[in-house]
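Chemist: Here the protein sequences come in this chain order: V and G.
Residue numbers for the first sequence follow my numbering, so the first one is 1 and each next one is one higher.
Residue numbers for the second sequence follow my numbering, so the first one is 1 and each next one is one higher.
Among these hints, one or two may not hold up.
What the hints assert, rightly or not - Cross-link-like lysine-lysine pairs, in silico, PhoX-like; alpha carbons within 25 Å at most:
#1 G:165 / V:110
#2 G:165 / V:116
#3 G:346 / V:5
#4 G:165 / G:70
What the hints assert, rightly or not - Covered by chain G, according to a simulated footprint, are these stretches of chain V (three or more residues, beta-carbon under 8 Å):
#5 18 to 29
#6 67 to 81
#7 108 to 122
Unchecked claim - If you anchor each label on the Cβ, the simulated ranges turn out as follows:
#8 V:95 / G:348: 19 to 29 Å
#9 G:197 / V:115: 33 to 43 Å
#10 V:46 / G:246: 51 to 61 Å
#11 V:45 / G:312: 33 to 43 Å
#12 G:30 / V:45: 50 to 60 Å
#13 V:2 / G:246: 50 to 60 Å
#14 V:2 / G:193: 46 to 56 Å
#15 G:98 / V:60: 51 to 61 Å
The set of hints was computed from the structure by calculation and includes no laboratory data.
Bear in mind the structure is a predicted one, so any value in this text is a computation, not a measurement.
Idealized CB from N, CA, C, for every residue including glycine.
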Amino acid sequence: MSAPKYWREMAQRYRFEAAKCKKCGKVLFPPRLACPACKSREFENTRINDKGTIETYTIVRIPPSQFTDEAPYPVAIVNMGDNIRILCQVADCEPEELKIGMPVRLEFRKIQQEGKSGILAYGYKCVPE
Amino acid sequence: MVGIVGYGAYIPRNRIKVEEIAKVWGADAPSYKRGLQLREKSVPSPDQDTITMSVEATKNALKRAGIDPKDIGAVYIGSESHPYAVKPSGTVLAEAIGATPDCHCADYEFACKAGSEGMFVAMSLVKAGEMKYALGIGADTSQGAPGDALEYSASAGAAAFIFGKQNVLAECLYTHSWMTDTPDFWRREHQFYPSHGGRFTGEPAYFRTIMGCAKALLEKSKMKPEDFAYAVFHQPNGKFPMTVGKRIGFKTEQMEQGWLCPTLGNTYSGASPIGLTSILDVAKPGDLIFMVSYGSGAGSDGFIFKATDRLPGVQNRAVHTRAMLDSERRKYLDYGTYTKFRGKIKLRGE
Chain V
1 MSAPKYWREM
11 AQRYRFEAAK
21 CKKCGKVLFP
31 PRLACPACKS
41 REFENTRIND
51 KGTIETYTIV
61 RIPPSQFTDE
71 APYPVAIVNM
81 GDNIRILCQV
91 ADCEPEELKI
101 GMPVRLEFRK
111 IQQEGKSGIL
121 AYGYKCVPE
Chain G
1 MVGIVGYGAY
11 IPRNRIKVEE
21 IAKVWGADAP
31 SYKRGLQLRE
41 KSVPSPDQDT
51 ITMSVEATKN
61 ALKRAGIDPK
71 DIGAVYIGSE
81 SHPYAVKPSG
91 TVLAEAIGAT
101 PDCHCADYEF
111 ACKAGSEGMF
121 VAMSLVKAGE
131 MKYALGIGAD
141 TSQGAPGDAL
151 EYSASAGAAA
161 FIFGKQNVLA
171 ECLYTHSWMT
181 DTPDFWRREH
191 QFYPSHGGRF
201 TGEPAYFRTI
211 MGCAKALLEK
221 SKMKPEDFAY
231 AVFHQPNGKF
241 PMTVGKRIGF
251 KTEQMEQGWL
261 CPTLGNTYSG
271 ASPIGLTSIL
281 DVAKPGDLIF
291 MVSYGSGAGS
301 DGFIFKATDR
311 LPGVQNRAVH
321 TRAMLDSERR
331 KYLDYGTYTK
341 FRGKIKLRGE
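Between the sequences and the hints, there should be enough to build the whole structure, so can you do that?
Modeler: Given below as structure tokens:
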């Protein structure tokens, strides 16, 4: 992940900031330029919940090179409420513990690192509640 | 009145037992357990470091403080395992909690007392009226060289304290800092593991420094050990803090609540600060708390806190430190997984 891309996404990755449409109230995470429901371009800042439930998951056993020390690791789609679903790693959880509907919360973790000399990218992973 | 308005800790869930390390190196586990008074230690996951643990500890502190993070005027993380050699840890933390951009930030280093340094400066800035709130953190994911005595104790954890003048949970009554140039423990630039002076780290370093600070703090405050409900000292192993506390005049009952080392290990910059969070979890209004940190090199920061009427109302707003320490979700690692998690294995291409 390049430093500029990482920097642009900090509000979402660090603070779970979302955009709430001023016209129809739809919450968008990550924010978009236009509301897909009513096409409005006016939003106010909000934050998504830091608690949710696992909708579905898979286990990554053959990881990309940056994640070799974490394999096998689960990746899940998590329902955060307000019709928001996020895709993230599940940490502190053995693959056999995972269940659909399992309550989780978001925790601040290191997401990846650019080799031995690049930036460290931080953001959210979910952990069992 | 200036003091702590919010506090929180974070302890990772992984653990490794003394026996697991000892069997790899042919060491006698019972003698290590007896000598160090240590049974197991916490281990960070590969995706955890000083920054991630500091953020989680601070979130717990914010739950108890109930303040707007934008009002935090300074962020100080003390650690000897900052993830970057050049780039602050505090900027990531401040961004993650929403304290940017109007905020002063510095990363502190002074071996194991970097955390209490951050606390002291944060408290002093608030006392001087420079800002409404300031945040001091002690956090570490320190390493001991494979097979070295330090490997049995070097662990991971963080504690965060928000200082302010309104809605204080524990008033800071007195502080004192004491330091000399004592080369008992060090890590040269580009070295992965620290070096230490063996037994030299004991009497001329740890004991002399903590006792120097503690005695000066007691004289300054005109208080006696029996005046205090709780006392906590830096805990490089389980034995040293109990020994130094008794030499000063404290009893086991005063030190047990903050004595986490036997199952937590030595969290370095987090050690006495995490012990303080455990005390604040149970302290009652009016209780006096005595804390002295220690950092090799060498120095100590001493604090006397007095719990206020507000403390019991916020203790349960975030997870208690001992609940994290004794969590049912603890995961015990074998030595191979531990070395992988701690980056001790050289991979192809490295």
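Chemist: What are the numbers of the hints that this structure violates, sorted from low to high?
Modeler: 1, 2, 3, 5, 14, 15
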